[in-house]
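Once you have looked at the hints, place chain Z on chain A.
Chains A and Z are the protein sequences, given in the same order. Note that my numbering has the first sequence beginning at 1, numbered continuously upward. Note that my numbering has the second sequence beginning at 163, numbered continuously upward.
Just so you know, the hints here were simulated from the structure itself, not pulled from any lab data. From the three backbone atoms N, C-alpha and C, an ideal C-beta is built for every residue, glycine too. Errors might be hidden in some of the hints.
Each pair of labels, with its calculated beta carbon distance range [stated by the list, open to error]:
1) G242(Z) to A42(A): 23 to 29 Å
2) L179(Z) to R91(A): 50 to 56 Å
3) G242(Z) to R150(A): 42 to 48 Å
4) L82(A) to V175(Z): 22 to 28 Å
From chain A, some residues computed to sit far from chain Z (all C-beta separations above 12 Å) [to be verified]:
5) I5
6) A45
7) E47
8) R79
9) L80
10) V95
11) D144
12) V146
13) R152
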Amino acid sequence: MSRLIPHPLLSLGLVGVWLLLTRFSLGHLLLGTAIALIAGWALGALEPPALRRRRLLPLIRLAAIVAGDIVRSNIAVARLILTNGRGNSRRSGFVEIPLRLSDPTALAMLAMIITATPGTAWLEHDSENGVLLLHVFDLIEPGDWVTLIRDRYESLLMEAFA
Amino acid sequence: MTDFDTLSLWVAVPVGLLLVLGSTLTLLGTVGLVQLKSFYDRLHAPTLGTSWGTAGVLLASILLFSALDGRAVLHELVIGIFLLITTPVTLMLLGRAALHRDRAEKVRGIPPARARGDAGSDG
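One chain only, chain A, in its complex shape (with noise of 0.2 Å):
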């Protein structure tokens, strides 16, 4: 099993892609399959690290959360640039967070969100002391952003990747 699918969440993913790229039919669920399974064989070849245990549950209660966070954050930053970042007091700044997190596919969720969100982009990680460099387009309180990151996302993402 595990030699012939070494990823079964990959190719399983894959197969599911191809079927909604394509139309549902016996032929394309086949070819789908064994795209699926030669694209496994080959990650496996790549050796990636192991992926750790995961759990489902905080990773949905994450997603809804982002997802509120994403369309309020989406409101806020065009109302800025309509504004014109409220006559000129808009303030724009660096923040760096310490993050605990350190898995990668972890690190790689967190990337997404902070991306995914408009008004903050993620710069820079240092892997060593594992530092986030954040900007953050509306910045008022540093601090705000640095319990923000930490008790919302990252606190959700430890629970899941433990």
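Just chain Z now, kept in the frame of chain A:
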């Protein structure tokens, strides 16, 4: 060829609203890109287009073609997923390049590179 005329109002109105929402946000993002002063500020503007700008247009497309074909047309989701995964790569590439340049030119207000023993070997 097009059977848009047969489309019921209950589908047409949300599709129109989503399209206008998505394209307006994308337009605002481009306005910000032109109007904002610093490079780091400009990084934020196009993310309007890559988040709800895209989401609005994709949702409209899903809704419209699902209604026209009478089945769930979901391949737009793949666009959304790929965009979500690939935007951080571009953003980090641009952001780190700007940081590297500004540090080399000793621009004020840029956080210094973390002490790593050898300051010259910045990855």
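A quick look at each hint next to the structure:
1. Checked against the hint of 23 to 29 Å, the pair G242(Z) and A42(A) passes, with Cβ atoms roughly 25 Å apart.
2. A C-beta distance of roughly 34 Å is found between L179(Z) and R91(A), which places it outside the suggested range of 50 to 56 Å.
3. Between G242(Z) and R150(A) the Cβ separation comes to about 27 Å, which falls outside the hinted range of 42 to 48 Å.
4. Separation of L82(A) from V175(Z) is about 25 Å and conforms to the stated range, judged on CB atoms against 22 to 28 Å.
5. With a cut of 12 Å on Cβ distances, I5(A) stays outside the contact zone with chain Z, its closest approach being about 22 Å.
6. No beta-carbon of chain Z is positioned within 12 Å of the beta-carbon of A45(A); the least distance is around 22 Å.
7. With a cut of 12 Å on Cβ distances, E47(A) stays outside the contact zone with chain Z, its closest approach being about 21 Å.
8. R79(A), annotated as away from the interface, has a beta carbon of chain Z within 12 Å; the closest lies near 9 Å.
9. The Cβ of L80(A) sits about 8 Å from the closest Cβ of chain Z, inside the 12 Å cut-off, so the non-interface label is violated.
10. Non-interface call for V95(A) relative to chain Z: violated, since the shortest CB-CB distance, roughly 9 Å, does not exceed 12 Å.
11. No Cβ of chain Z approaches the Cβ of D144(A) within 12 Å, the least distance being about 17 Å, so the stated non-interface status holds.
12. Chain Z leaves V146(A) outside its interface by the beta-carbon criterion, the shortest separation being 14 Å against a cut-off of 12 Å.
13. Against the 12 Å criterion, R152(A) stays outside the reach of chain Z, whose nearest CB is about 17 Å from its own CB.
In this structure, the earlier hints numbered 2, 3, 8, 9, 10 are contradicted, and the remaining ones agree with it.
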